[in-house]
Structure formats: C-alpha cells, structure tokens
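Protein chains: 2
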Amino acid sequence: MNNIDTMSVNAIRVLSADAIQKAKSGHPGLPLGCASVAYELWAKHLKHNPKDPDWKDRDRFILSGGHGSMLLYSLLHLFGYGDLKKEDLMQFRQWGSLTPGHPEYRHTVGVEATTGPLGAGMGMAVGMAIAERHMASVFNKEGYPVVDHYTYALGGDGCMMEGISSEAFSLAGTLKLSKLIIFYDSNRISIEGSTDIAFTENVQKRMEAFGFQTITVEDGNNLEEIGKAIEAAKADTERPSFITVKTQIGFGCPAKQGKASAHGEPLGDDNIKAMKENLGWPSEEPFFVPEEVYAHYKEIVEGLQPAEDAWNKMFAEYCEKYPEMKELWDTYYDEDLAEKVCDDADFWAYDDKADATRNLSGKMINRIKDRMPNVIGGAADLSPSTKTYMKDEGDFSAENYAGRNMHFGVRELAMTAIGNGIMLHGGLRAFVSTFFVFSDYTKPMARLSSIMGVPLTFVFTHDSIGVGEDGPTHEPIEQLAMWRAMPNFHMFRPADATETAAAWYSAVTSKRTPTALALTRQNLPQIEGTSREALKGGYIVQDSKKAVPDAIIIASGSELSLAVEAKKVLAEDGIDVRVVSMPCMDIFEEQSEEYKAKVLPKNVRKRVAVEALSGFGWDRYVGLDGDMIGMNRFGASAPYSKLFPYFGFTVENVVARVKAL
Amino acid sequence: MNNIDTMSVNAIRVLSADAIQKAKSGHPGLPLGCASVAYELWAKHLKHNPKDPDWKDRDRFILSGGHGSMLLYSLLHLFGYGDLKKEDLMQFRQWGSLTPGHPEYRHTVGVEATTGPLGAGMGMAVGMAIAERHMASVFNKEGYPVVDHYTYALGGDGCMMEGISSEAFSLAGTLKLSKLIIFYDSNRISIEGSTDIAFTENVQKRMEAFGFQTITVEDGNNLEEIGKAIEAAKADTERPSFITVKTQIGFGCPAKQGKASAHGEPLGDDNIKAMKENLGWPSEEPFFVPEEVYAHYKEIVEGLQPAEDAWNKMFAEYCEKYPEMKELWDTYYDEDLAEKVCDDADFWAYDDKADATRNLSGKMINRIKDRMPNVIGGAADLSPSTKTYMKDEGDFSAENYAGRNMHFGVRELAMTAIGNGIMLHGGLRAFVSTFFVFSDYTKPMARLSSIMGVPLTFVFTHDSIGVGEDGPTHEPIEQLAMWRAMPNFHMFRPADATETAAAWYSAVTSKRTPTALALTRQNLPQIEGTSREALKGGYIVQDSKKAVPDAIIIASGSELSLAVEAKKVLAEDGIDVRVVSMPCMDIFEEQSEEYKAKVLPKNVRKRVAVEALSGFGWDRYVGLDGDMIGMNRFGASAPYSKLFPYFGFTVENVVARVKAL
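Chains as they are written, first to last, in the UniProt record's numbering: chain A, 1 to 661; chain B, 1 to 661.
Bound conformation, chain A alone (with noise of 0.2 Å):
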C-alpha cells in the first residue's frame, strides 16, 4: 500500500469523522472500517464516471448500511460527483444540506438508493442486477455488450441479521446473478455489544447454501487483497459473489476501534485529534485534505473516462447498426410511455358482466404489457391467485433472463425492494403481487418506494372480508387506512372494469409516486356512471336529481355496488341521494378544494360511507355528523356470502343508515 493511497484511504476517515463531529450527530463507525474497501472498489473496480453519473452502463455501487453515510458523502465529494464541496460536508445532517442523516436517493448526485433501514440495500441490489440481466438480454447484440455491468453492495452485521437479506439471496442465487457483488463489513460488534449475543452463525456458509460464491478478505485494510476479492468475484459468471471483509469497527481511532460505541455517536474532539495522530495525518485542522491527495483523486477520475468514451462509441455504432434497437432503447427509457401508449378504446374497453376486479386487473396487465415492452413483474408466489401472469412473456430465470414474469418465491418484503431495485436501476417499469393482507410484509420497502419518488405498482388481491373462509388471517381490515396514511403513495380500490382501467393507467403513468390497487377475489357487477373520473380519486357516480341531495353515500370497491342500489331504494321514498365513488383518497385530497367541494358540498352534512374495511380516516368525508359502515374488529372463516350480511353490508342496513339520519 503506497503512501498515496494510504493517505487517500485516510482522507475518508478524516472527512468522515470530523464531518460527524461537527454536527455532533452521525454514524463514524462504518466509514472508518470501509475506507478500504470502498477506495479500493471506488478507485481501481468500479465501472463509473463522476462526470457522467447517469451514464446507462454504470456499475452500481449501493451503500445498505445507510447510516454510514459519511462514507459514501465523502467519496462522492473526493471523486467530484456532482460538485459535492467540503462545505457541503460541513453541512451534515443540517437543514436543507446535501448531506442528509441517511444516503437519500434524488437529493444527492450519486446516491443510487435511499438506504437506511437495514437490509435494504441488499434487496435493492438484486432488483438492479435482475434489471441489468434483462435489458442484456432484451437489448446485447453479438460484439456490442451495451448492457455490461456490475451491482455492488455494502453492508454489516445488522443487513445480514435482517430477514430481508436471506430472502433477496436466496432469490440472488436461484437466479446466478453472477453480475451481484456483496461486501460484508464482518466487524462483530452491534449496537448491543459483540455480534455473539444474538449473531453467531456462519454467514459463509448461510451464502453458499444460497449459491453465492464465498470469498474472505482477512485484513480490511489490505488494498492487494480487497483488489483480487473483487477480480475473484467478477471470475465467477455463474454465481453472484460475497465478500466478507474482517473490518475494525471505528479503525484508526485507538479508544473507539473495535467497540460499540465506535457506530452511532461523534468520536469526540480528543479522540479525532488522537486518530488523525495515529493515522499520520499531516493537520489537525477540522476538514483538512492535502492537495496531493485531490490531486490523486483527480487523476483516477481522469482515467475513468476512456471506458465511458468507448461505450459510448459502441452505443452509436450499435444504434446505426440496429435502428430498431435504438428505438426500443428510447421506448424502454421514455418516462412519458405510458400516456403515449395506453390511452386507445381498447385500452378502455370492457365486458359488461360480473367479474372480479382481480380478473380485470389481469386484463390491464395483458394490455400494458403490449404496450409497454418496458414491463417486468410477478407475485410472491400467488400469480395464479393475483392475475399478474403476462401470457407469452416467458419466466424470469436464470435460463431466460428476457422472461418478464417474475417469480419472487414467497418473500414479500425482498419482492418489494427487488422491485424497487428494479425501477431504479432505470429502463424499466415493475410491479409486485400478493394478498392485500400480506402488504403489511411489504410496508418497509413500500415506504422507502415512496421516499424516492419510485412509481412501483403494487397488485394486492383478495381485498376484504371477501376472502371468505381463508379467515382473520387472510382478511384485510386496517390495511387501507395504513396506505392512505402515508405520505406520497396512491392506494386504488377500484369498484369495476372502468375503474381497474383507470387505477392501471394512473399507475402507469405514474412518474414520482408508487400506487397500489386492492382488488376482490369476489365478482362485482358493472356499475352505471363509472368513468374516467376515477383519476380524479373521487367522483359523482350517480348524481341526486335535486342540486342539493338530501344525503351523500361514498363507497369505494365492491361496496360501490351497494351504495348505488341503495339510492334507487332512496329514492323510492322520496329520498333523493348522490353516490360519490372514492377509489382513491389520496388523489381525491389532491384535488382543488372546488372540485372536492363540488363532489361534497359543505353544506350536506348527512353522508354515509360504506367499505367492508376498516373506518379508521373516513371520517374526513363524514364528519361529526355522518356515519360509517365498517369493520371495527377483525373478520372470520366463513363464505363471504354470509360474512358481508353479518357486518352490515347490506343494501338494507346502507338505506337504514341513512335514513337514520
């Protein structure tokens, strides 16, 4: 390890440590055990170009232990990615910085990921190398590789504790991802002391039996040895690759390395004066890097170039070569697809029958996928039962990486990061599958689709007591309050054909927020007055014939049917009611507060909603003074023929309740 290096290494630790203390909040544990690793892979390995952070053929880098972010800010500033200065630096973890607590994807140039949550850089890195596998296969010609890259993650004890991870590995492996490269920071020490009171098995052995190949880097700070892990990695195309790398927690800082407190707190003045002491380092002034060591950096930037300059002459010679691929290429990449593509009569079109809103969703799927060749997706082993299967598009394998039906297995939170994974690795659009139930499996990564702005589509079937005899276990009730709840995500219950339409193109089309649709396994008849409106989240389905209706039923889904077949009995006795359809609150709030007024004048204050799910947020709609037909408890196992009766969802007790009014 040559002079140069070791001080460009220690320029992370410096960086990071004194950025750290300087907010008196941050992680320096991890940025000091990596500094290796990461300069090593950043320096010598990794495909990229900081003057080109979009560049397609990029090998991804994610950094799944989000929390040790000064690592990854300090590379990016050293590499020059997106202009990042030592004041940026200096503005860790404040106020508008560009140096949040956590890497955040879209605020920060260079950051591939939003990570923090542990375990969640790992699920999203196989979502990336499962998207590079695809668009290789969908687009490499013989001699023009355009698609050829590497995914690399970093991450510790607590991402390998995470169930997560078992999950996305066992997948990676099935799939021989040979592409995916793992580093595991092994340093044994978790925020409640040695990783031996909760963590003892042999992660090795745990990735082989996933498929992985193993690799062991003895000393982390071995620039040599992390450099062949890496060429060892790349050697194997039949497996995807770990790479345990023994690390020191908090190295070079001798009253912190190696200890717990090493992760989560600043290392204290004395302590940075002590390791930049230990370290060699040439001041002791907070933030200092000499310029020797800028100008190494720039040197290896400058060397990254000739590889982007060449893709970049392969791609136009290819895109001469093969006119028609280049148009693919820009139809896979167009963010706009969707609104050019998916908006004919056929698109629209339905059967006016009966049917179950998971079968019309099946159709949209159908039609999508013709029209949008940028779409991959699959259920978490209920494709048969959600409808998601894309006929004639072949299974994702690692014998067919062109498939387009994935197979997640039954992983539910690992789909949802690989989905995530997927939509940011760029050029394609993916949805994800299972019970509407089992969404609470997929919350944490949905929640991370919706802190960046990724538009995955989730398909969550079997949407309410409905489900029948499958029981409590099987039966949504809470779940849609739980979506509607969070911020930038769009929770869909579609009432019919018309409405499914709808949901799917809203999803489509969506470019910054995720959208999920709860669907019946039941059948729901057609209902007169749906429309194209549903984009609009709520709309006046069946309208009173006075200009002021006496009373105001607002349903969503199957129980749309309901509520209309109760104003025709209103009306009956002279009750003269608005049926207003709420497929999607959260767009319905977006609306201006005329047209909400409109669908829901202030003035009527007699208004009943009715879904067989949870209440919990309708009283938004209904006020103090309105009333709810839902489910306050939990269901049961029976037919749903005899469940919907039981809990109130009848056209009777709807007409009751608001004539009680």
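Careful: at least some of the hints might be erroneous.
Here are the simulated EDC-like pairs of lysine to aspartate or glutamate, each with C-alpha atoms no more than 16 Å apart in a straight line [unchecked claim]:
(1) B:K246 to B:E225
(2) B:K602 to A:D270
(3) A:K602 to B:D625
(4) A:K44 to A:E208
(5) B:K602 to A:D625
(6) A:K606 to A:D576
(7) B:K606 to A:D625
(8) B:K205 to A:D625
(9) A:K602 to B:D619
(10) B:K602 to A:D627
Heads up, incomplete: computed chain A residues facing chain B, CB under 7 Å, no partners named [what the hints assert, rightly or not]:
(11) G163
(12) A198
(13) T200
(14) C342
(15) S614
(16) F616
(17) D619
(18) R620
Treat the hints as calculated values from the structure; they're not laboratory data.
Glycine included, each C-beta is placed from N, C-alpha and C at the ideal position.
Chain A is already provided as a structure; the job is to place chain B on it using the hints.
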C-alpha cells in the same frame, strides 16, 4: 408399518380431503403429504394429553403452514381434543364453526397458535422454546425438572422462503435451543409451480449455518424413519434440530399428488373416490373412519395419561419441598399479578423535570421488573437507545437462560413472533422494542398478537420528526395511524411521566390486547393536569373556565405541551379553550358515549388537533369544521429544533390556527 398405523395415517388424509371437499374450499396438499409425520409424532413422541390440553409441561406443536389446518383438526378430532366432533369437521370453514380456515388460538382446543401467514409459526416456536428454557432455569431443581418439554413446528417451502424463519432460526442457533425441533415438509412444490423457479438454495446447509443439527427423512411415509429422526433430534442436547422430510404434496390422490394443484383447492369428488380406492380405504362414504381406527387412537390416548400423572406427582412433591418456588410459580401464572403489584405510590412517582418519555419508560420497565418477576424482553439491537434494559437481570443467552434481557439482533419481525411465542407458552409476559419507524417491520406479527389476543407490549421510541438528524427513513409519519387502524391494539403516545406510567400500567394489566408505546427521543416537560385519567385514552388535562369552551385543543405526546402553552396565550386574548390529551385513541373509543361527549361536547366544533405525525384519522375528533396540525409529507434530516418550527409545531401556530376558526 403395520396395518392399523397405515389406517390411522390414512384416516387423517380421508377426513382432511372430505372436509375440504364439503367446504368447497381449503388446502389438501399439506394434510395428505404430512399425515405420516404428524401421526408418528403425535402418537409416539409428543408429550401431550388430550384430556388436559393445558398441562403446563406438555410439548408444544405448531402448524406453521396454517393453511394445512385440516391436518391439525383431523388430529385433534382423532385424539379427542376438546371433544372436537366429526360434525365439527363437517363444518370446516363455515360460519361460527370450531374449524375455521386457518387454526385460531383461543378458538379451538389444542391449537397452540394462530397460523396462516407463512413463517409465523416458526418464529412463535422459537419464542416458545425460549420461554421453556427460561422457565426451566428459574424453576427446575435437582431431581425436579418441572419445566422440561420440546417445541415442535411443521412448515413447508413457503415458511422457509419467508425472511422471518431465517431471522428466528439464526437466533435459535445462537441460543442453542436444543429442545426446538423443526419439521420441514419438503415437497418441492409451490403455488406458482416447482420450487426450482424461485428456491434452489440448499436449505439444510443454511440451517447448519444457523447452528442446527440437520436430519433428512428420505421417505415421508416411513414411520420408522420418521421416528428415528425424532429420536436423533432429541438426542442432540447442544443444538436445535431441523428434520427435512421428503414428502409428496397431496400424497395418496393419484391425479393430484406431486402437483401444485394439490395445494389450495378441493381434490374433487372423483379424485377423492380414486384416493380412497388407492389407499384401500374401506368405504367411500364421506368422513367414514373405521371403528378400529378410533379404538386405536383411544388406546394411544390412554397411554399418554401416565406421563402426566407422573408429572403431577413430581410437581406436588416439588411444591411441598419448595414452598417458595410454588409461590413463585403461582406468581408467574397469575394473570392478575400486575393489578396487584403495580399500583403503589412508587409506581406512579416521578421527578418534576423535563425528560424524554423513552427515559421515563426505561424507569417504568425497571420498576415493573422488580414487581413482576415474569417479565422478559428486549430490543432489536437498540436497547441503549430504546432504554429497555432491565438492570441486574442478566442477559438471556445459551450460557444463561435465567437472564431476562433478550438480545434479538436486528430482526424486528422475528422478535415480534418470538414475543408472541413467549407469551403463548404461558407463565411469562414479554415486551419487544425498536424505533417507531421500524414498527413497520413488526406489523405482520403484531397483527397476529391482536388476532390471538396476546397482550404483548411494544416499546417504540424515536416517535416523530423529533428524531431529527437521522432524516426521513428514521422519522415515523404514518405509523400512529397504521396502529390505530388495527383492531384490538392499544397505541399509546404518552406526554410525560404520569402518562408514561399510565401507558405501562395499561400494558401490563391488559389481558387480551397488545399495547404499544410511542416514546420521544427528546426531552419533554411534565404537564400540569396529566393524571391516571390517561387510562381512559383521552381526557381533559386543562379545562376552560367557561362551562362550554370557546375551542378545544387536542394533542398527544410531545405536542401536548404546545397545546397547554397555546391555551395560556389564547387566554390573554380572552379565548377560553379546553386542552384534551389523547394518549390512546383506541381506549378512548372504548369509553361510553357519555364520557366521550363530556370530553368532546358535540356542540363545540372549534377543535384543533396537533400531533407531529400524519393527521390521518384525526378527523374523527376535529370533524369537518375543525383543523389539524400534522405531517402530510415525509420528514427531513436536521436538528429537531429546526424541524418542529418548520413544520408548524409551535405555540404560535397552534394559537393562530385556533384563532382562524
């Protein structure tokens, strides 16, 4: 395998197939495939007594693949548990029957846990095995192993794909839970087809990596081989055991066995006929079981009695010899313990100074642990931050099963399942802990706590944007709404020491409802007017002078102090407001209409709620005429002293919003 054994195994298959056929709904694949394993275990190895299903030292059996419920119901019927009749099997999946679609705890005698969400049973089994070791270490005396039993769980590929099983088994291996024995029903079939499409990992190698003994039964219908495997599992006193049983899904049904279609739909009348022929079953009549088979099961059950008789004798001697242990035993099993010991002045005492509710909660935990020796718990590697460590109580580990501090590792989902399992075992009360934002990870298993009526306690700290620098991935927004929407769950957000004590009192005295505490990272002042009235969920903390207040401000947790300060400022302007604290909406909703109307009179419509999380759900109290100061977006990374004012959580803003009404 002699004839009566064969007949007895096939009786399970026939009853399962017939019940599912009659219900026109259900999952025959597992019951047919696993009938031999279940029979061998229950008939010849399991320590149990159908005549006393509550025998405290019985072995536990959890059907983790809960969709195979007919396997369990057939066993319970044949062994005579709770007098489960043939007629009950005929009512499989029907309204109000004892045989719902998935096994339900507290509903059917002999069901040890509600299962259905895959992997859940594995996590709960680990919890039960932990409870067994802890209770054994507390109670057993030389020659008196009063707690000494095995925990068995049976699950399939789905259970093994779910991340929760990796989390739970990694911990089980670390803890050397040698009395835990897992059956892996390896049939190589999943819903979407062969497991090869998503699950080619070496499962046994993974389990070895976790520290399990692994055993394979090549022929899942060879009772002798199964029996030997169970004996070998018991013989290992250092490691938990994992028995892979190679089975055929839907075994016995010629048209279905080995096929995905055997999994989740009735076999069909013709196929059942063919199955009965194939198995040499003496009658085609549905639900027919020969008398000799019933007689055989009766004989088995009679043979189970002496073991419990012997235990009862030993236990009586133990109680006589160690009267103090008998007293302690009764304390552990006293459901009313908390009411008796947690209501003294010291329990409610506090220092009148600003403090974070996480710290105050930590004090309460340490008061409770001295009063309730049966409390055990810990965090997902965050106890220094969540303040959940019980002083001087030691760490639960393979070397010290008497320790009361659990180290769950970074495994929130398994932690929750384990918490459920500990409580299902009986004798212990458990708490689990993580950051509030990561409560997302616990959701699927917390839902089971609520469905089962298991009063697990959740300590969720860092409960708002008050988290500050860690940023949006660590700042809960929608989590309060998510938990409030779930039935049978008490979500507390206390405002100060008194309310924190109330939240804990509510948690430990709860018999059938889990409780969560959302607690601050930052210091809060003690509020004048808080009291044990907090146990009503919502109450008047500072009232208006007028009988009818000009307005009502409602708040919880860290925002209650804003409400109280705003009241003072408004008073200066002659506006006389009432301040209502709402630490637990769920419990407030359980109060009488009179009480609720007293706190929030219908005629006072000028209401402002303030809570630094999503406003979703607050309309229940502010209605269409009120206002809500909440978070309708994700948070940001900055010191909380910057975030609170930016997002409007200031006295000035509360005052302004009240005035605006």
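Checklist line | Which numbered hints fail | finding: Hints 2, 4, 8, 14 are the ones this structure does not satisfy, whereas the remaining hints hold.
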